[in-house]
Structures are given as structure tokens and as C-alpha cells.
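So the chains spell out like this:
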Amino acid sequence: MDTPRHINFDYAAGYPVDPEVFKAMAPYFTERYGNPSSLYALGVEAREAFAEAQIRVGELVGAESPEREIFFTSGATESNNLALKGYAFRNRRKGNHIITSSIEHISTINITKYLERNGFAVTRIPVDKYGVIKIDALKASITDETILVSIMYANNELGTVEPISEVGKITREKKIALHVDGTVAVGKIPVDVVDDNIDILTMSSNDIYGPKGVGGLYVRLGTVIEPILQGGGQQRGLRSGTEDIPSTVGFGKAAELAKRRMPDDSKYTSGLRDRLVKGMLNEVEDSYIHGHPTKRLPDIALVRVFGIEGEAIVTELDREGIYISTGSACASKTLAPSHVLESIGLNEIQRHGALQFSFSRLNREGDVDKLLSVLPGVVKRLRDISPVWKFKDRFLEMYTSEEEEEFEQF
Amino acid sequence: MDTPRHINFDYAAGYPVDPEVFKAMAPYFTERYGNPSSLYALGVEAREAFAEAQIRVGELVGAESPEREIFFTSGATESNNLALKGYAFRNRRKGNHIITSSIEHISTINITKYLERNGFAVTRIPVDKYGVIKIDALKASITDETILVSIMYANNELGTVEPISEVGKITREKKIALHVDGTVAVGKIPVDVVDDNIDILTMSSNDIYGPKGVGGLYVRLGTVIEPILQGGGQQRGLRSGTEDIPSTVGFGKAAELAKRRMPDDSKYTSGLRDRLVKGMLNEVEDSYIHGHPTKRLPDIALVRVFGIEGEAIVTELDREGIYISTGSACASKTLAPSHVLESIGLNEIQRHGALQFSFSRLNREGDVDKLLSVLPGVVKRLRDISPVWKFKDRFLEMYTSEEEEEFEQF
Amino acid sequence: MSQYGSMGYTEKVMEHFRNPRNVGEIKDADAVGSAGNPVCGDLMTIFLKIKDKRIVDIKFMTFGCGAAIASSSMATELVKGKTLEEAANLSKQAIADALDGLPPIKMHCSVLATEAIEAALKDYYSKHPSKS
Amino acid sequence: MSQYGSMGYTEKVMEHFRNPRNVGEIKDADAVGSAGNPVCGDLMTIFLKIKDKRIVDIKFMTFGCGAAIASSSMATELVKGKTLEEAANLSKQAIADALDGLPPIKMHCSVLATEAIEAALKDYYSKHPSKS
Ligand SMILES: Cc1ncc(COP(=O)(O)O)c(C=O)c1O
Ligand SMILES: Cc1ncc(COP(=O)(O)O)c(C=O)c1O
Numbered sequence: 237m238d239t240p241r242h243i244n245f246d247y248a249a250g251y252p253v254d255p256e257v258f259k260a261m262a263p264y265f266t267e268r269y270g271n272p273s274s275l276y277a278l279g280v281e282a283r284e285a286f287a288e289a290q291i292r293v294g295e296l297v298g299a300e301s302p303e304r305e306i307f308f309t310s311g312a313t314e315s316n317n318l319a320l321k322g323y324a325f326r327n328r329r330k331g332n333h334i335i336t337s338s339i340e341h342i343s344t345i346n347i348t349k350y351l352e353r354n355g356f357a358v359t360r361i362p363v364d365k366y367g368v369i370k371i372d373a374l375k376a377s378i379t380d381e382t383i384l385v386s387i388m389y390a391n392n393e394l395g396t397v398e399p400i401s402e403v404g405k406i407t408r409e410k411k412i413a414l415h416v417d418g419t420v421a422v423g424k425i426p427v428d429v430v431d432d433n434i435d436i437l438t439m440s441s442n443d444i445y446g447p448k449g450v451g452g453l454y455v456r457l458g459t460v461i462e463p464i465l466q467g468g469g470q471q472r473g474l475r476s477g478t479e480d481i482p483s484t485v486g487f488g489k490a491a492e493l494a495k496r497r498m499p500d501d502s503k504y505t506s507g508l509r510d511r512l513v514k515g516m517l518n519e520v521e522d523s524y525i526h527g528h529p530t531k532r533l534p535d536i537a538l539v540r541v542f543g544i545e546g547e548a549i550v551t552e553l554d555r556e557g558i559y560i561s562t563g564s565a566c567a568s569k570t571l572a573p574s575h576v577l578e579s580i581g582l583n584e585i586q587r588h589g590a591l592q593f594s595f596s597r598l599n600r601e602g603d604v605d606k607l608l609s610v611l612p613g614v615v616k617r618l619r620d621i622s623p624v625w626k627f628k629d630r631f632l633e634m635y636t637s638e639e640e641e642e643f644e645q646f
Numbered sequence: 237m238d239t240p241r242h243i244n245f246d247y248a249a250g251y252p253v254d255p256e257v258f259k260a261m262a263p264y265f266t267e268r269y270g271n272p273s274s275l276y277a278l279g280v281e282a283r284e285a286f287a288e289a290q291i292r293v294g295e296l297v298g299a300e301s302p303e304r305e306i307f308f309t310s311g312a313t314e315s316n317n318l319a320l321k322g323y324a325f326r327n328r329r330k331g332n333h334i335i336t337s338s339i340e341h342i343s344t345i346n347i348t349k350y351l352e353r354n355g356f357a358v359t360r361i362p363v364d365k366y367g368v369i370k371i372d373a374l375k376a377s378i379t380d381e382t383i384l385v386s387i388m389y390a391n392n393e394l395g396t397v398e399p400i401s402e403v404g405k406i407t408r409e410k411k412i413a414l415h416v417d418g419t420v421a422v423g424k425i426p427v428d429v430v431d432d433n434i435d436i437l438t439m440s441s442n443d444i445y446g447p448k449g450v451g452g453l454y455v456r457l458g459t460v461i462e463p464i465l466q467g468g469g470q471q472r473g474l475r476s477g478t479e480d481i482p483s484t485v486g487f488g489k490a491a492e493l494a495k496r497r498m499p500d501d502s503k504y505t506s507g508l509r510d511r512l513v514k515g516m517l518n519e520v521e522d523s524y525i526h527g528h529p530t531k532r533l534p535d536i537a538l539v540r541v542f543g544i545e546g547e548a549i550v551t552e553l554d555r556e557g558i559y560i561s562t563g564s565a566c567a568s569k570t571l572a573p574s575h576v577l578e579s580i581g582l583n584e585i586q587r588h589g590a591l592q593f594s595f596s597r598l599n600r601e602g603d604v605d606k607l608l609s610v611l612p613g614v615v616k617r618l619r620d621i622s623p624v625w626k627f628k629d630r631f632l633e634m635y636t637s638e639e640e641e642e643f644e645q646f
Numbered sequence: 003m004s005q006y007g008s009m010g011y012t013e014k015v016m017e018h019f020r021n022p023r024n025v026g027e028i029k030d031a032d033a034v035g036s037a038g039n040p041v042c043g044d045l046m047t048i049f050l051k052i053k054d055k056r057i058v059d060i061k062f063m064t065f066g067c068g069a070a071i072a073s074s075s076m077a078t079e080l081v082k083g084k085t086l087e088e089a090a091n092l093s094k095q096a097i098a099d100a101l102d103g104l105p106p107i108k109m110h111c112s113v114l115a116t117e118a119i120e121a122a123l124k125d126y127y128s129k130h131p132s133k134s
Numbered sequence: 003m004s005q006y007g008s009m010g011y012t013e014k015v016m017e018h019f020r021n022p023r024n025v026g027e028i029k030d031a032d033a034v035g036s037a038g039n040p041v042c043g044d045l046m047t048i049f050l051k052i053k054d055k056r057i058v059d060i061k062f063m064t065f066g067c068g069a070a071i072a073s074s075s076m077a078t079e080l081v082k083g084k085t086l087e088e089a090a091n092l093s094k095q096a097i098a099d100a101l102d103g104l105p106p107i108k109m110h111c112s113v114l115a116t117e118a119i120e121a122a123l124k125d126y127y128s129k130h131p132s133k134s
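Protein chains in written order, with the numbering used here: chain A, 237 to 646; chain B, 237 to 646; chain C, 3 to 134; chain D, 3 to 134.
It is worth saying that the hints were derived from the structure and are not from the lab.
Errors might be hidden in some of the hints.
DSSO-like cross-link-like pairs, simulated, lysine-lysine; straight-line CA separation at most 30 Å [what the hints assert, rightly or not]:
no.: 1; chain 1: D; residue 1: LYS61; chain 2: B; residue 2: LYS628
no.: 2; chain 1: D; residue 1: LYS124; chain 2: D; residue 2: LYS84
no.: 3; chain 1: D; residue 1: LYS55; chain 2: D; residue 2: LYS124
no.: 4; chain 1: B; residue 1: LYS626; chain 2: D; residue 2: LYS53
no.: 5; chain 1: B; residue 1: LYS626; chain 2: D; residue 2: LYS124
no.: 6; chain 1: D; residue 1: LYS129; chain 2: B; residue 2: LYS626
no.: 7; chain 1: C; residue 1: LYS124; chain 2: A; residue 2: LYS626
no.: 8; chain 1: D; residue 1: LYS14; chain 2: B; residue 2: LYS616
no.: 9; chain 1: B; residue 1: LYS628; chain 2: D; residue 2: LYS124
no.: 10; chain 1: A; residue 1: LYS626; chain 2: C; residue 2: LYS84
no.: 11; chain 1: B; residue 1: LYS628; chain 2: D; residue 2: LYS82
no.: 12; chain 1: B; residue 1: LYS259; chain 2: A; residue 2: LYS259
no.: 13; chain 1: C; residue 1: LYS51; chain 2: A; residue 2: LYS628
no.: 14; chain 1: A; residue 1: LYS626; chain 2: C; residue 2: LYS129
no.: 15; chain 1: B; residue 1: LYS616; chain 2: D; residue 2: LYS82
no.: 16; chain 1: A; residue 1: LYS616; chain 2: C; residue 2: LYS51
no.: 17; chain 1: D; residue 1: LYS61; chain 2: B; residue 2: LYS616
no.: 18; chain 1: B; residue 1: LYS626; chain 2: D; residue 2: LYS84
no.: 19; chain 1: C; residue 1: LYS82; chain 2: A; residue 2: LYS626
no.: 20; chain 1: D; residue 1: LYS94; chain 2: B; residue 2: LYS626
no.: 21; chain 1: C; residue 1: LYS94; chain 2: A; residue 2: LYS626
no.: 22; chain 1: B; residue 1: LYS626; chain 2: D; residue 2: LYS29
no.: 23; chain 1: C; residue 1: LYS29; chain 2: A; residue 2: LYS626
no.: 24; chain 1: C; residue 1: LYS82; chain 2: A; residue 2: LYS616
no.: 25; chain 1: B; residue 1: LYS330; chain 2: A; residue 2: LYS349
no.: 26; chain 1: C; residue 1: LYS14; chain 2: A; residue 2: LYS606
no.: 27; chain 1: C; residue 1: LYS51; chain 2: C; residue 2: LYS124
no.: 28; chain 1: B; residue 1: LYS616; chain 2: D; residue 2: LYS94
no.: 29; chain 1: A; residue 1: LYS616; chain 2: C; residue 2: LYS94
no.: 30; chain 1: B; residue 1: LYS616; chain 2: D; residue 2: LYS29
Construct the complete structure from the given sequences, taking the supplied hints into account.
Structure follows, in C-alpha cells:
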């Protein structure tokens, strides 16, 4: 069961842990295995390692009191659950209305549906063709009952960065709490909870080359939320369960590295991304790039090819040792197409050809060349047997789109 | 910040990860970092690693369909939350009554309190002086509304093993679901979900030398529970969130090792424990052993000394590099004394002198000798300045106890 | 661990996906049938040449995932040279079995092929009512 | 990282815990006072010899945690040789400060000592009402 050599353009699905991070974690598995609740020296060591990680993670997002504002969870999904349910249930006396967007991660969507089943009203504000939330719609949807706004910092499929600081000005003025899902943004682009008036922030460890199984939650001092797990009262009662010190230390180290490496990494991955997108748009006819031309993450691109189905492309590329992802319904466990692509106005035929690329500092220049040397042939072969491509004009006219943006704008 | 050499009798607070377990996990951090949801080869590898871990963990407890019955969580606390809330809320139409015991772990206690606040009625059945639940009381408390019984397999403070197979016969006959918190029992003594009619079982990875931050939940086929985290629908919808493959692999490896090593480890740790207990009872006057004489875990002992306070002893031993734990309120974050010691009939003065010892395969014979050479002096010094010891007769008569069991019974 | 390799597909599926048999169009087909819906992610069109109630030539085009393409290819192989009655009786299970299995979530792809064959036969009988 | 070492205690706390000053009993004490409750985990008894409204000797016994024992010890040091009035004014903060701090959750232990002193002084004044 050896891992074959591969070229990965789907890091969003999982990042390897950085060797420096792994090195920092290692002693906490076997030597420094203390429990922060223990009174004796081994426990003190664990408490200090935990506090150090809080500081590192807090520094990455500008938290002012990391030891009181940073909590560790089992990952971004749990952080989103804790943020949304924890805030909503704790503050339900203030009001029962929550505002979110139509392009949130599935966890946020399913959590807000759960809240709807439990007596909350949820407004999901739409986005424009670039995936940017409509600020006016957000403003218009605020009522006296509104207690919480939850918008992602950047979208994981499109890479589009949302106007969080504008949202933060509004929520601060209206005294509404602001939760931000920063899973794919934190550590990739600068995020500052104070500047942006963010009250609660979801953070992921693995997305910044930290270990899986651990996530972060920033909760501004004075913002009150209730726990979603009952237990021994660890982490000041907000997140019970024996602390996972090795993973926490790893997350802290990853945060420290991310802060330092952000400028270089961002330049590097966006360079690769631009080369790949340009190459694809040049070499594959009827292919399109989505997401915002400039307000975007450095490491994510969504390119769509017409007339063939995404999973078939993924399958072909897998044979070449190239990993990508697709928004095609066929590739998902639920066979449900991407709600994000629907939100930006793509019809279902178009969504089936959506290819998601996510880059990392581990990609090499040659990776892009290799993909560009393989992909046009794959597309051609699949188009040759595709009735949709053969009767392209008929299918294309079913949807007239304006999404053919010039890549030069980027 | 180097870890000093230490002698640990408080492994229950945290176990080091076994070197073999660490070796099995390591490649999944940096090389095999795939996401089980990914279609391509890296994802297949992750799916297989996950399924393999399910099988190993399932085998440890006799699960018949591990790939459909074993779920991974972030730890025993989350497993208990998922089991109890997930079952209660999903089955509330069948009834609203839950039975548990007075000596459950604080997580179970706080979860059942949460359920009480949410419309459930909870009966907490008492235990005898050994910490064994009163089966008759359990039987008597069953009503038509009873949907769930939750009893721990063994108690983490006393080491007492509960009569789970008797409970399982009752719940099976009455068609009530049985949840068992197996955190400190699974991997230490044989547990078989089929023999014992266990429907839902909480398992801990770290307690068997696996990594922290991961726990297990066995859910018998046909037993229906609802998720407590909303999200992307991983683990067949029951536990959303990107799977933490390195930790899961580690847990699987630890389960495999535990199954193999159980007989030898059990013999070894119980030997050390018996030596320590005998030594203490012989050398420290007015000291007592608690828990059941024979129905007990191999690696846990609760010894109580009269007239001094536990945290002071812990502090003294820490200076000698010896780690133990105490049930004294003073040592806990909440300053609340142990409810377990209260349940077996110890008054608060007695509880303050409770010392908890938990052994592991890493303890050496010399560890016990060292403790026995140090402890009597510590006890003497603290008793010399203790007014409770000085006026012992007055304080002792405040409570006439029958707990002076002969250690020879063990 | 399982018979399914990368992408959850068997070797046989991968082989038919990579090298689909009978791909293309028959300009003067005696029957044409389509099934699926590109909106749902798959669309198969099948072309038949029929002589003496027997399928003497068959071609297909498919928009869809690997399983859809492989099922299409396998289905054409299974009915080529067969009588119309035999073709009408081809089951989705037979296609899946001939491919050494399909992932559970992809079983619907094999229906695509049986439905396309069914549609083509319907087309044929509607043009040649006497032959049914 | 913090001034607190193992057990969350400062060096000074550990030193007084390990080597408490003025431990014991004064058989012919002029005043005796107790505070705390073993049920709550701490009990301190203090013995005073008093001359000319001044504490000329002091001893204590304490049941409790490290913080309780160290606070007791430090308190006796702080009031030894002091006037009764000065002793009455000893604050829990002064004890904690003299120990270079106590963990927040242990601050109540320093109250134990001030309360025991208070109780002893009360005992003294009740026996010698003229001196108050
Ligand atoms: C924006 C966003 N939020 C939350 C999550 C959930 O993360 P996890 O599965 O690690 O819990 C993801 C995962 O991809 C994500 O992209
Ligand atoms: C019996 C029992 N159940 C549950 C737990 C909770 O475990 P964790 O803190 O690892 O989530 C513990 C922890 O000590 C325990 O002893």
C-alpha cells in the first residue's frame, strides 16, 4: 500500500503536515504526555504548551487576549457548530434571527438548518456572479430579532474573498455578533479580528499544514456562547474533553509558520495558479474561470470545461498521478451538485464540468506543465464521446452566460 | 523546558503514545495525508486506513460489523455526548426516561443534567460501598418511559467493574437501549458488546496508549442515534468533519496491541498495584483501600489516608518526581469533591485524603519501592502539623465506617 | 482490502472507461435511443443497425462519469449480435456483474444503458410496427 | 511562562510549605483561634503568647493543601513580634504578596490565616476584656 508519486492540485482536501510542525509535535506523543489538569510538573508542562499554542494561533489573527479568547476544538466543523449553536442558544432571548450567505460551507448550511428546526429564522443572502455576498441584501435583511451574522472569510470552492470588514462595520454598529468561517482564509491571507470586528472566528489547523483533528475558535472577550459538549469543564468550560496537546502544539507551530511564510507562499501559489489558469483557458476551448478576478485567495481556482463531466476528468487524471477535485454531483457522496456553483448562476450542465484546483507550497512549477500537457488530451477524448459536446450548440443555447471574463483582469 | 525523569502513578490523566503506535501513525501526517472523501488514489489509501482502524477497534470489543458499527470522535467526552444526546433526542418519541448511576464520569453527569434541562427525566441509581451499582434499584426504576440505560463498564476512580452483563440482560429483555462508558475498561479487561448486550459503547484511544484527540463509539446495527455535529456528512452522516486519519490509524494500532497485550499487561499492572497497596496499608496507619476487592480493573487503586489533605501529598511527591492524583476537592478546578467517593459513603473529611493510583505497562518494580520509601515520611510530616490528626479521635468518631476491608481479599 | 481500486472502480470498469468499445455514431442507424439527462450528470445516446431482429452493429456516445461511460461500453458489448428480445432483457445487474461490480452509489449508471437500449428498441418498433 | 512553577505555586510558597515556620502547639497559650473547616478541606489552629499587647510567640497547626500550609506559615511570620492591632490589620493580600502570589483558585487559603488570627484575638479579648 505504498503511496505512488503524485502531483496534487487538491490540497484543500487535505494538507500534509509540515515537517517542522511534525517535529514540534513529536515529543508530546511519547515524552511530554501530561494533562493540563494535572497539578504536578508534567501537567505544568502541558499547560504551558497549551498556552503557547493559544498565543501563536491568536497572533495569526490579531487576538488581543489569546489565553482567554482562543479555544481548541476537533476541527472546523466542530468550531462552526460551537460558534453557531453556542451563540444562538445562549443568546436566544435577544432574538431568533440569523443571517448567513448562500455559499457557506456545508457544515454552516446544515447547522443553520438545524437551528431553523429549533426555532430560529435564517436568512441566506445571495451572491453575485463572482461569489461576493450582496451587502445591500445583508443590510436589508437585518431586523430587531437579528442576533448573529455568519459569513465565511473566503469561499473554499471559488476562492472569492468576502467583504468581511464591511460586514463587521455593519454588525458592530447594529450590535449584532459576527461569526466568520475562516477555514480556508486564515494563514493564507491576513485576517485581523480587531480590524474586521469579528466576534467569533473558525480556524482550521490542517489548512495551514498543521495536523488534522484540531481546529480553533476565537471568541472575543465579552461575546458569550454556551458549550455544545458537556463534560469535565476543560478550556474554561467552553470545550470539555481532555486536551489533545500534541495536535494543539502542532496547530500552534503551524500558525507561527503561516504568519511568517504568508507573503512568500501567497506569491508562489498565486503564480502557479495563474500559470495554470492561463494555460487552461488558452489550450482548452470553451473553458471558463470563476470566482472574483482580484478579491481572491492565492491558492484556489475553479475552472470549468463545457460538455464533459468532472468525475470522468478526475478519473483520467488519477491514472496520471494527478489529483484534482470537481464540483460535479457525480463525485460527491450525496450526488448533490455544488450549491456554491448554483449560487453564482451556473446551471447543472455547467456545474458538471467544474474543476477545482487548490495549490500548496509543495507544488512545483513542473506540476503545472505536466497538467497542461495531459489535460487537453483528456478533455478531447471525453468530448469525442460526449453527445453534449457533439450537440454543443443546442446545449449551449440553453444557457447564455456572461461569465467569460478575461483572465488578464486577475 | 525539559521533562524531568519521573515516576508516574497517574497514567489515568494521560498515557504516552506507544512507540509502535507512533510509528504506525507517522506516515499519515506527512506522506499519506489523503482525505477519505477524495476519489483518487490518495483518498482510497485514506479510506482503507480508516476501515482498517474500524476493524481493529471493532475486534477489541467484539463488534460484528466494524465498518458499519464503529465511529470515530474526538474523544470519550464527545463519544458520551453523541451516545447520550444522540440516542435521547432521536428516540424521544419512545419515552423520556433515562437511567444512569451516581458514579458516572463527570461528562455523563453533565450530559444527563443537560438532558434534564431539555425535558428528560433521569434516575441516578446508587452504588454500594464498593462502588457496585445496585441492580435491584436499577430494575425498580424502569418505567414504560425508560428508553436508555447508561452505566460505565468500570469506574475510573475506584477501578470497580460494574455488572454490565447483568444490566445488559435486563435492558435487552425490556427493549431498552444500553450505553456503556468503556473509557477505562476497554483494552484493560475483556469487553464484548455481543455477550454483554451493549448497544452503544464509548471507547478512548489514549487510555490504551493511542493518541489523544480521538475516541470511538460502537453503535450496534439497528440502534438509531442522531448526530450532534452538523456538517459534511462524513462517517455515514453520524459524525461530520474531515476524518483525522493519523489519529484514527493510531487508535486502530493501539487497539490491536491492547488485544494482544491485555493478559500480560493486566498481570503486570495488577502485581504492581497489589504490592503498592499492601505496602501502604502496612506502613501507613489509618490508611484504607476502596473499590471492590475482586471485581476491579488491574491498574487502578484508590487508597485513603486519614488526617491530611490529598493535594499536600501530591505536592510533596511532585518534588520527588512522583506523580499521583487525588480526589480531594482542593486539587480540582471547581473545588468540588469527588462525587464517586461521596457515593460510596465517604464523608468530606475522608475524601480529602483520597489518593488515586493508576498504573501502566511503563511502570517499573522500582517505582513502587520508591513510592513506599517516600510516602510514609510525607504522611508523617503532614500529620505532624495537622490539627485533624492531632485531634484524630474527635474527628474519627464523627464518622464510623465499615470500609476497613482486608487487603488479603483481593 | 476490497476489489475496488482507485476511484472506487474495478479494473474492468477502468478498462472500459479508458477504452470504450463501440464509440461513435451510425449515420444511417435503424434505431436511435437516449437516456439520462445531462442535468443529472449523464446522457447516453445509442445507435443500432438491425437485421433479422438482430443487432448487427451498435455505437454509443455518453456524457457522464467513468461508471456511466464504462457501463455504456459494456452494455453495447453485451447486446452486440444479440436478438432484439435478448437485448430487451439485458438487466442493469448483468452490466454491473460484467464489469466486476460498480460502487453502490454508481449502480444507477448501469440503468442508463438499459434505458437507452429500451429507448432505441422503442424507436425501432415505432418505425417498424410489424416487427414487434 | 509564568512565575508559578509546579503545582502552580511560587518558590516562596513551596519553601514555606516544605519548611513551615512556627509549627506546633503552645501549651500555655494566651489565646487560641481556629478557622476553616476540615469538611471544606482546610483547618488552621493558631496559638499565641501575648505580652504588652504584642505577640511574643506564635505557633500553628494546619490541615490543608500546600497553599493553606504556606499561608499559615507566612502569616505567623508576619505577625510575630507585632502588636495586636497590627496583627488584626494583616490582610489576605499581604500574605499572598509575601508569598510572591497564590494561584487565583487558592486565594481563599490566605483568608484562612487572617481568620484564624482574628479568632485568636477574639479569644484573647474575651478572656481579657479590659485590654481591648
Ligand atoms: C470553508 C470551510 N469551512 C469548514 C470546513 C470543515 O472543515 P473540517 O472538515 O476540517 O471540519 C471546510 C472543509 O473543507 C471548509 O472548506
Ligand atoms: C470513565 C470516563 N469517561 C469519560 C472520560 C472523558 O475522557 P476525555 O477527557 O478523554 O474525553 C474519562 C476521562 O477521564 C473517563 O475516565
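Which earlier hints can't be squared with this structure?
Going through the list in order, the structure violates no hint and respects every one.
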